[in-house]
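Student: Spelled out from the first residue to the last, the chains are:
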Amino acid sequence: MAMKDIYDSIVNLNDAEIVAQVQAELDSGTPVTSILQEGLIGALDEVGRRFSEGDMFVPEMLKAAQVMKEGLEVIKPLLTESEMPSSGTVVLGTVKGDLHDIGKNLVAMMMEGAGFKVVDMGVDIQGDAFVKAAGDHQADVIGLSALLTTTMPAMEETVGLLRKAGISAKIIVGGAPVTEGFAEKIGADAYGEDAPSAARIAKNLLA
Amino acid sequence: MIASKFNYLTDDQTGLMKDRVFDLLAEYGVKLDLHPELFDLLAKTGAEVDRESGMVKFPRKILTELLDLAPSAFKLGARNPEKSLTLPRPDGTFYGRSAGGCPGWIDPETGAHEKVTTDKFAGWVRVINHLDEINLLSMLFCDDAPVKTADIHALAVLLKHTDKSIWVQPYSAGSLDYLISLGKTAAGGGEELAANPIISMIVCSLTPRTFKTMDLEAIIKSARAGIPIQACSLPGAGGTSPVTLPGTVLLAAAEILAMTVMAQVVKPGTLVVGCPIIFSTDMRTGRSLQSSVESMRAACMAVQFIKKAFGLPTHNYGCGSDSAIVDEQSAAESAMLATWMAASGQDILGGAGQLEVATTASPLQLIMDNEVLAMARRMMSPVSLDDDQMGWEAIIETSPGQHFMTSSHTLKHCRENFNPKNFIRMTRDAWERDSGKMLMERIREDYKRIMGLENTVAISPELAREIDSIVHTADKRLAN
Chain A
12 MAMKDIYDSI VNLNDAEIVA QVQAELDSGT PVTSILQEGL IGALDEVGRR
62 FSEGDMFVPE MLKAAQVMKE GLEVIKPLLT ESEMPSSGTV VLGTVKGDLH
112 DIGKNLVAMM MEGAGFKVVD MGVDIQGDAF VKAAGDHQAD VIGLSALLTT
162 TMPAMEETVG LLRKAGISAK IIVGGAPVTE GFAEKIGADA YGEDAPSAAR
212 IAKNLLA
Chain B
2 MIASKFNYLT DDQTGLMKDR VFDLLAEYGV KLDLHPELFD LLAKTGAEVD
52 RESGMVKFPR KILTELLDLA PSAFKLGARN PEKSLTLPRP DGTFYGRSAG
102 GCPGWIDPET GAHEKVTTDK FAGWVRVINH LDEINLLSML FCDDAPVKTA
152 DIHALAVLLK HTDKSIWVQP YSAGSLDYLI SLGKTAAGGG EELAANPIIS
202 MIVCSLTPRT FKTMDLEAII KSARAGIPIQ ACSLPGAGGT SPVTLPGTVL
252 LAAAEILAMT VMAQVVKPGT LVVGCPIIFS TDMRTGRSLQ SSVESMRAAC
302 MAVQFIKKAF GLPTHNYGCG SDSAIVDEQS AAESAMLATW MAASGQDILG
352 GAGQLEVATT ASPLQLIMDN EVLAMARRMM SPVSLDDDQM GWEAIIETSP
402 GQHFMTSSHT LKHCRENFNP KNFIRMTRDA WERDSGKMLM ERIREDYKRI
452 MGLENTVAIS PELAREIDSI VHTADKRLAN
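Residue numbers (the numbering used here), protein chains in the order written: chain A, 12 to 218; chain B, 2 to 481.
This is chain A alone, in the form it adopts within the complex (with noise of 0.2 Å):
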């Protein structure tokens, strides 16, 4: 059963076959959006179950993504864009005066996963340009990253700005020394205490 290969190729993060099995469920006249849905997607949704679970961790899971991404690039070419997953437009990036970036890294490869399209601005970036990417690229969701106490006072400079400029995307905020309550006094959507939290929490606020 090719279906189920492909399912089993995603969920144990095989990459070895996935695209020469997603094209021959696509030459033996399986519908794409079969594939996409039930083979693609539908094994990316039991990764994110054993995820949650505790039973997969974070490399895992990336690497999981990795795998189905190239079983969609198979079919992407035979999708309408209606057809296409994806759960959104997320911009992100570290706020100025920051330039620590694997927490920010981790939350892109993440929301990637979990089918958003990501437009990563890098680090050390100002208020101002989190703005006209939001407007660029019609952000659904911004997410600010700081490592540094010191930084903290420009992610509210960044959120007062979007605010400002009458952004409705989400807001996600997140870092170390970031906390709940930062994130509720800057006026934040949001706080992601971790990368796999953020692209669940950016899920929800979408809903």
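I should point out that these hints are in silico values taken from the structure, not numbers from a laboratory. Given the structure is predicted, the values throughout are model-derived calculations rather than measurements. A couple of the hints might just be wrong.
[Stated by the list, open to error] Here are the simulated SDA-like cross-link-like pairs (lysine to any residue), alpha carbons at most 20 Å apart as the crow flies:
no. : chain 1 : residue 1 : chain 2 : residue 2
1   : A       : 80        : A       : 25
2   : A       : 107       : B       : 480
3   : A       : 74        : B       : 286
4   : A       : 107       : B       : 173
5   : B       : 116       : B       : 326
6   : A       : 196       : B       : 144
7   : A       : 196       : B       : 390
8   : A       : 214       : B       : 112
9   : B       : 149       : A       : 197
10  : B       : 116       : A       : 167
11  : A       : 107       : B       : 479
12  : B       : 477       : A       : 110
13  : A       : 15        : A       : 65
14  : B       : 161       : B       : 118
15  : B       : 116       : A       : 53
16  : B       : 116       : A       : 23
17  : B       : 84        : B       : 133
18  : A       : 74        : B       : 243
19  : A       : 74        : B       : 84
20  : B       : 149       : B       : 113
21  : B       : 149       : A       : 161
22  : B       : 116       : A       : 190
23  : A       : 196       : B       : 161
24  : B       : 309       : B       : 248
25  : B       : 121       : A       : 74
26  : B       : 213       : A       : 161
27  : B       : 116       : A       : 198
28  : B       : 477       : A       : 164
29  : A       : 196       : B       : 413
30  : B       : 116       : A       : 161
31  : B       : 32        : A       : 113
32  : A       : 107       : B       : 213
33  : B       : 32        : A       : 110
34  : B       : 62        : B       : 7
35  : B       : 116       : A       : 113
36  : B       : 213       : B       : 41
37  : B       : 62        : B       : 310
38  : A       : 175       : A       : 149
39  : B       : 413       : B       : 390
40  : A       : 128       : A       : 211
Please build the complex by placing chain B on the supplied structure of chain A, with the hints as guidance.
Tutor: Below, chain B without anything else, positioned relative to chain A:
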């Protein structure tokens, strides 16, 4: 003499890793923010500098020659010279350092989670003045200080309230001159500071293999001012460094060596402490952990490697917990960390009083950690095998089946055992009669007792005014 009681790495393994550290720095290099002055200095010594990309490679010969210039033994000074740290500690044990950088605070009376303020920080310092095992003080992040000069304000608090040695963490390149000026003022002048460095400066890599302008400036300015450098690499195994622990140790050691040789390039003989402050990444969430088994193992390896391969004194966490609260976990993790890091021969055990991966300070944890450090230090104390210590005469004099309680030998040594202050040794009945109080309650009472003690550390009003003047100037120029 390395005062380690166990060895993670054999001599062969140390040699192998040292080869790899040299391979990494010589063939692949590190990336510096563009810094023409430092590039000039590095190029003159023979380092290969790509001035456009900032990549710097250090030929092996350069690494060996420059590392040889870094002293293996030296003092971190203190306003009270009797409280200086002689590294390595002559008795073969270690020194303790308080938590650093925490913005969060757990109120010792209510348990409420709050923000650190200048007043709270001053109180924290007053407590530390009465804790014998805390010899080096760090800055906490005071929420009521201007963000852009929070480091300067914190140092001012330390200089005013303690005469112990101080570990300075700059938050921006702009702060450096003010921090150094504060150090010079408190020491009595620039030459006095160099002769008795009451402050030492944190310099950090941005792992992997990157160095920011602020830290390069910190190296240059500290070296020229005669301020010891605490060369810190803070890798997160699995995140910013290899998930396998020797890989994380390799990367940390290479970054520390890079900082050490850069300091020697600026000023030969600059005092450097190697600080492999190692975290592991929780593979379930991506969060950094300081007290995981992985962090401890890697830190033990790194400490032993740096001491053996580089001959530098070492400093890392030796206390503290990933727990967000003061509880059984924070006690257990702190105790394990202290035990293992002490046993690996680390010279300064840092982080007393810190929780939630070094983001929260707790005075109660601090007092508990002080006691744990005391016990760990006793464990590390050198053993003598003379006849008195072996109790030879006592054994001979005590007939088979008799006891040693009344022997003159026991009388001579009976007060040498470690007697904890807050850990009890009562029976349950005695404990219930006494108070029935749990450890944290007893520590809370100890905290109140300490806070009621006279504050014997004071500076002259003139010095206080000079310090305030520097802070005020910094605020005007940086914070407005």
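Student: A separate judgement is required for each hint: does it hold in the structure or not?
Tutor: For each hint, the structure was consulted:
1. A:80 <-> A:25: 12 Å, holds
2. A:107 <-> B:480: 16 Å, holds
3. A:74 <-> B:286: 15 Å, holds
4. A:107 <-> B:173: Since the Cα atoms of residue 107 of chain A and residue 173 of chain B sit roughly 13 Å apart, the hinted pair holds (cutoff 20 Å).
5. B:116 <-> B:326: Satisfied, since the Cα-Cα distance of roughly 14 Å is no more than 20 Å.
6. A:196 <-> B:144: 14 Å, holds
7. A:196 <-> B:390: Cα-Cα ~62 Å, so violated.
8. A:214 <-> B:112: Status violated; Cα separation ~35 Å.
9. B:149 <-> A:197: Judged against 20 Å, a Cα distance of about 19 Å means the pair holds.
10. B:116 <-> A:167: Distance of about 17 Å is within 20 Å: holds.
11. A:107 <-> B:479: 16 Å, holds
12. B:477 <-> A:110: 26 Å, violated
13. A:15 <-> A:65: Not satisfied, since the Cα-Cα distance of roughly 23 Å exceeds 20 Å.
14. B:161 <-> B:118: 16 Å, holds
15. B:116 <-> A:53: With Cα atoms ~45 Å apart, residue 116 of chain B and residue 53 of chain A exceed 20 Å; violated.
16. B:116 <-> A:23: 45 Å, violated
17. B:84 <-> B:133: OK: residue 84 of chain B and residue 133 of chain B at ~10 Å, within 20 Å.
18. A:74 <-> B:243: 17 Å, holds
19. A:74 <-> B:84: 53 Å, violated
20. B:149 <-> B:113: Outside the cut-off at roughly 27 Å; violated.
21. B:149 <-> A:161: It holds: about 7 Å lies between the C-alpha atoms, which stays within 20 Å.
22. B:116 <-> A:190: 11 Å, holds
23. A:196 <-> B:161: 33 Å, violated
24. B:309 <-> B:248: 18 Å, holds
25. B:121 <-> A:74: Judged against 20 Å, a Cα distance of about 46 Å means the pair is violated.
26. B:213 <-> A:161: 16 Å, holds
27. B:116 <-> A:198: Roughly 19 Å separates the two Cα atoms, so the pair holds.
28. B:477 <-> A:164: 18 Å, holds
29. A:196 <-> B:413: 63 Å, violated
30. B:116 <-> A:161: Between residue 116 of chain B and residue 161 of chain A the Cα gap is close to 14 Å, so the pair holds against 20 Å.
31. B:32 <-> A:113: 17 Å, holds
32. A:107 <-> B:213: 15 Å, holds
33. B:32 <-> A:110: 14 Å, holds
34. B:62 <-> B:7: 32 Å, violated
35. B:116 <-> A:113: Since the Cα atoms of residue 116 of chain B and residue 113 of chain A sit roughly 25 Å apart, the hinted pair is violated (cutoff 20 Å).
36. B:213 <-> B:41: Status holds; Cα separation ~17 Å.
37. B:62 <-> B:310: With a Cα-Cα distance of about 15 Å, the restraint between residue 62 of chain B and residue 310 of chain B holds, given a limit of 20 Å.
38. A:175 <-> A:149: The hint holds at about 16 Å.
39. B:413 <-> B:390: With Cα atoms ~11 Å apart, residue 413 of chain B and residue 390 of chain B stay inside 20 Å; holds.
40. A:128 <-> A:211: 15 Å, holds
Hint compliance for this structure: hints 7, 8, 12, 13, 15, 16, 19, 20, 23, 25, 29, 34, 35 are broken, all remaining hints hold.
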